[in-house]
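Visitor: These are the residues of each chain, in order.
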Amino acid sequence: MSKLDSKTPEGPLKDKWTTYKSHSNLVNPSNRRKLDVIIVGTGLAGAAAAATLGEAGYNVKAFYFQDSPRRAHSIAAQGGINASKNYQNDNDSDYRLFYDTIKGGDYRAREANVYRLAELSGNIIDQCVAQGVPFAREYGGTLANRSFGGAQVSRTFYASGATGQQLLLGAYSSMNRQIKAGKVKSYNRHEMIDVVIVDGKARGIIARDLVTGKIERFGAHAVVLATGGYGNVYYLSTNAMACNATAAWKTYKKGAYFANPCYCQIHPTCIPVSGELQSKLTLMSESLRNDGRIWVPKNIEDVKAIREGKLKPTQISEENRDYYLERRYPAFGNLVPRDVASRAAKERCDAGYGVNKTGYAVYLDFQEAINRLGDKTIKERYGNLFDMYENITGDNPFVTPMMIYPASHYSMGGIWVDYETMTTIPGLYAIGEANFSDHGANRLGASSLMQCLNDGYFVLPATIPNYLANDIHTGPINTNSPEFEKAENESTALINKLFAVKGTKSVDYFHKKLGLLMWDKVGLSRNEKGLNEAIAEIKSIREDFWKDVKVTGKPNQMNNELEKAIRVADFLELAELIAIDALSRKESCGAHFREESQTEENEAKRNDDEYRYVAAWEYTGNGNQPNLHKEELTFNAIELKQRNYK
Amino acid sequence: MDFTLKIWRQENANAQGSMNEYKVSNISSDTSFLEMLDSLNQQLVEKGEDVISFDNDCREGVCGTCSLYINGEAHGPKKLVTTCQLYMRSFTDGQTIYVEPFRANAFPVVKDLMVDRSALDRIQQAGGYTSFNTGSAPEANAMPIAKEDAAAAFDAAECIGCGACVATCKNASAMLYVSAKVSQFAYLPQGKVEASERVQNMVAQMDKEGFGNCTNTGACEVECPKGISIKNIARMNKEYFAAKTVSEK
Amino acid sequence: MSQGFSKSSIGRKILMALSGFFLLLFLFQHFIINLLSIISADAFNEVSLFMGTNPVIQFVIQPILLFAVVFHLIMGITLELKNKSTRPIQYAMNKPSENSSWMSRNMVITGIMVLLFLGLHFYDFWIPEIKTKFIEADMSGLNESGGLRFHEELVQKFIDPIRVGLYILSFVFLSLHLLHGFQSAFQSVGFNHRKYTPIIKKLGNLYAIIIPLGFIIIALVHFFNH
Ligand SMILES: Cc1cc2nc3c(=O)[nH]c(=O)nc-3n(C[C@H](O)[C@H](O)[C@H](O)COP(=O)(O)OP(=O)(O)OC[C@H]3O[C@@H](n4cnc5c(N)ncnc54)[C@H](O)[C@@H]3O)c2cc1C
Ligand code: HEM
Ligand code: HEM
Ligand code: SF4
Ligand code: F3S
Ligand code: FES
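Protein chains in written order, with the working numbering: chain L, 1 to 646; chain F, 1 to 249; chain B, 1 to 226.
Just so you know, these hints were derived from the structure itself, not from any lab. Built from N, CA and C at the ideal position, the CB exists for glycine as well. Be aware that a few hints might be false.
What the hints assert, rightly or not - From chain L, some residues computed to sit far from chain F (all C-beta separations above 12 Å):
1. 8
2. 34
3. 255
4. 379
5. 418
6. 461
7. 536
8. 546
9. 637
10. 642
Claimed, not checked - Cβ-to-Cβ under 10 Å is the rule here; a few derived chain F residues that face chain B:
11. 6
12. 77
13. 106
14. 172
15. 210
16. 217
17. 219
18. 238
19. 242
Please take these sequences and the hints and turn them into a complete structure.
Guide: The structure is reproduced here in structure tokens:
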């Protein structure tokens, strides 16, 4: 039997989860305290799981590299969280949310998982409200909703522009309660650098104490990865500086399959790069596209004059502007989906029409809306976003058009997991953005928060007993075993190796170089030639890195350069897998656009006959071509359709 | 733009630290303060020296990881922003800039500009939650909450836990931070159930961690990047007084 | 009241504010009575006699007042000492004026100046009073010529320009203390209201300026009357 058994329960879609829960193994409450669970990551997924497993009575050890669980990057989510509560009485239902999510993901997600997500979404809201999450409300005191891309109903719950923050603080508070109760032990400033496999099962991790630099061993009966996404492989992204793929990558190298790595979401409305020292890109809410019009000058001379500062965008007359989205997609105009908008911006800039100094920016203009609705209305709608933009760029969007450019944002791909969120390594689970499961080839707005909390509060706590039930007689995991010894030695060796290079270039130098290459050739739009080149170039950057990187400071102290070096070393390997996956998927779907697979109107073209599968990659040794395992996707509840936004 | 930087360096919690002088040049005014420090660190790496450690992560003003006392103010001269949202256009060319860690007994230095703020977490652990187990929550709309109350709770809940209030307060008091949480729950019906224990436990932990007493100078609310109001402190005082006098818990 | 209130930071803060409130009330009535001394000597004498001999005032209010002063003083200094220890290494560069008023940051200094004044003031008025009333057991309030003695005793204290100068200087410090203290006490007991707090702040500023200014005027009027 292939290792890729999704373990999806039999029966009608609607009953699968109930069926699963009624038949899975349980652990008696008195036995739970004999069982240890390691959770790596305290974002929405990790914190929710730590809290819930702690409440259930397991001994949880939670690891994170920040100084506090509350700082995980989930904190940055702005827009909102979906749930099929149907509070607005607009015919929403579990099925509709399920349908929108599958369709939004361009039919590349597992039906049963997505249905479960929709089915449980309402409970998430209940839980969060009970925790004191201050969601926006109507005058009557009930919860308010807003609508979001990819849906015709209003089902997004939000807390001003800080939904992720409020949800994370809710999960953090529940976790704190368990810390106080002694059920969760929290390890801050600890970075997992390897997983330990004993007798084929995940039995612990190796982590570096970032303050003392000590390499430490931790044992448990099961290990859960909730380590977030790998958007930082592009160097510049909307992710936090330290978001990384190390935990996921190390488990891949120990045998967990990595699924759909090429599905990387690029967000169209980010503040563009302004200079060489740029370290990250800030997301501006997509809602701006409701009233802003996107354009670049029609004439290349105007572009040049703008870049040289000789001409102001407001001086360019209407007929000399190219509103390219409205031109190409008259029906949806500026409101086409994320991937379409992003690609169109890149196309214009690549053709030389980018409007800032770096040549990578397009205008998002509110003048027409300001004329139509007045300053006051625009201020009410977008005031805080305009302020944020002005703080960062020094420009006032009321006076001069905003400039935006797409940026790496989210990774749909991740560790392959089955219906139970278990990876191909028994006892190793992956939840939240770290796994590949629910968003297919493209994630809809407000769906990640939902998935992370769903995994953490409801799915994992219900599935993990099925595995742990066999471990009640195992006793504490011995961390003095040869397997732990070996993993620790490997980690120490890795660090020594990094220091031993003693080259001439900083870690950032390599990360930036990798990022540019990925953006160019494995970014918004991909083709066979570019991907082949990318694979070769990634290899050569990697070789360079190991010959010429310079890590200063000492291993046995707080050392930010070393932390970065460990992460970038892994990005340099993951990048190659992303390119390999992109190369092997010769169709366009969701965020993955292959130039070879497009319609006559240059739109993405899926190929369901050949590529209706999850690509799960198996590691076969350093530098070797990984093995591809395919998990066929079957659609029973949904009919497959091609997207169209003309 | 060129700058002279006077930066606190300290190898670890037990080492002696000192202010050291560095120079950076050719910095564009659109560069963020942390990116300016990044470039200084690149310079140090090229020279083979250990980089300056400073906390940061999201770089969009919401995670609360970044800190720094810049030219005599927490998060620098610009109001209502965190250090990561501070841009060099807030400074003048050729200026000397002092960069120090957030200082308080309760925030020991980890290295250089990085401090240990886990005391803030321990205060939350003492009571900053409601006791609902996952799955036991009632239907979300079963408990209507007035729009204004929800908004007021949100305003308090916006605290990012950066500790600038502590760093700024002449007494190194954590009152603004603690009161933000207490207040958030005080506005919501869910929070009422455990209100009395919560405020007592959180204040007890706050005192245990060695933060100072508030003398109402109001500096914290001015420097707080999220504009959390000292109204919350008043609210907490009241909650505490009620808990200690009226409540039987 | 449950345990630990007076040991907790907030408990102490509230007690501090309560003592502050009491002192504010005292100061107000003290001001009114002393104001009489420049308006009508007779009226002042009458009231002083009443205040000086009424058992409730003498044996209930006065001890409370003294307790409040001592309590306020000890608490203020304890808090300050504790607060001083919370930041072992000071900032090399600090700009507190960017975010708070001088008054709010220097309550202990202005407080101690008031304390020094009180020392002098007690030596001037209170100790002689106690001596006359309780050691010499003269509760009549009469002077040698048979009239009420209070006004003339008071007036005598304002002959010396140095003392008058010290008094006036102290009242300036008192004003600074109150400019922050008045509204601060409300905040301490948990009263911060969208509508009323701005009013309280204005009222506090009026109080903190008018009363010390009034005391200055009283002192000057007596001085120049000589
Ligand atoms: C700017 C922005 C806005 C967004 N807005 C929305 C939105 O409006 N709606 C929506 O649904 N989604 C949104 N998303 C997506 C969503 O926020 C994320 O996908 C989600 O929060 C990920 O949560 P997580 O728990 O999986 O991981 P994270 O929150 O990223 O947490 C990762 C955790 O893992 C830890 N970790 C990682 N590696 C290691 C290691 N090696 N060792 C130890 N610990 C480790 C970290 O310390 C951290 O605690 C947004 C994302 C961004 C970047
Ligand atoms: C005896 C000398 C005095 C000393 C040493 C002193 C000291 C202090 C100090 C240090 C504070 C700040 C403490 C805090 O806010 O937590 C304070 C507050 C205050 N003081 Fe004084 N003070 C003295 C006299 C007075 C007098 C005579 C008055 C009034 C007439 C007064 C009224 C106040 C008030 C109203 C407050 C504000 C209380 C609060 O913030 O809760 N003080 N004092
Ligand atoms: C011109 C200004 C003032 C005058 C003329 C004045 C006058 C007096 C007199 C005559 C007494 C003795 C009353 C008695 O004990 O029966 C007295 C007592 C006292 N005064 Fe003043 N005073 C002045 C300002 C102040 C101020 C500003 C304060 C406080 C900050 C103050 C605090 C006190 C106190 C605490 C006592 C002792 C009260 C008691 O125990 O009865 N006085 N003052
Ligand atoms: S109250 Fe303000 S300054 Fe204090 S921790 Fe919260 S956000 Fe930071
Ligand atoms: S600055 Fe400090 S004194 Fe109180 S009002 Fe704020 S905690
Ligand atoms: S780095 Fe997150 S708030 Fe500054």
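Visitor: At a threshold of 10 Å, is the proposed contact between residue 217 of chain F and chain B supported by beta-carbon distances?
Guide: holds (4 Å)
Visitor: Using 10 Å as the Cβ threshold, decide whether residue 219 of chain F counts as touching chain B.
Guide: holds (4 Å)
Visitor: Could you let me know if the closest chain F CB is still more than 12 Å away from the CB of residue 8 of chain L?
Guide: Residue 8 of chain L clear of chain F: closest Cβ-Cβ about 23 Å, beyond 12 Å.
Visitor: Can you verify the interface hint for residue 6 of chain F: is its Cβ closer than 10 Å to any Cβ in chain B?
Guide: OK, holds: residue 6 of chain F within 10 Å of chain B, min 7 Å.
Visitor: Do the numbers back the hint for residue 238 of chain F, that is, is its least Cβ distance to chain B under 10 Å?
Guide: holds (3 Å)
Visitor: Checking a non-interface call: every C-beta of chain F should be farther than 12 Å from the C-beta of residue 536 of chain L. Is that right?
Guide: Residue 536 of chain L clear of chain F: closest Cβ-Cβ about 28 Å, beyond 12 Å.
Visitor: Is it correct that the beta-carbon of residue 461 of chain L has no partner in chain F closer than or equal to 12 Å?
Guide: violated (7 Å)
Visitor: Taking 10 Å as the limit, does the beta-carbon of residue 210 of chain F come near enough to a beta-carbon in chain B?
Guide: holds (6 Å)
Visitor: Verify that the Cβ of residue 379 of chain L lies farther than 12 Å from every Cβ atom of chain F, and report whether the claim holds or is violated.
Guide: Fine: 17 Å to the nearest Cβ keeps residue 379 of chain L off the interface.
Visitor: Using 10 Å as the Cβ threshold, decide whether residue 242 of chain F counts as touching chain B.
Guide: Holds, because the Cβ-Cβ distance from residue 242 of chain F to chain B comes to roughly 8 Å (cut-off 10 Å).
Visitor: At a threshold of 10 Å, is the proposed contact between residue 172 of chain F and chain B supported by beta-carbon distances?
Guide: With a minimum Cβ separation of about 4 Å from chain B (threshold 10 Å), the hint on residue 172 of chain F holds.
Visitor: Taking the minimum C-beta separation from residue 418 of chain L to chain F, is that value above 12 Å?
Guide: Correct as stated: the minimum Cβ-Cβ distance to chain F is 22 Å, above 12 Å.
Taken one by one, the earlier hints fail for this structure only at number 6.
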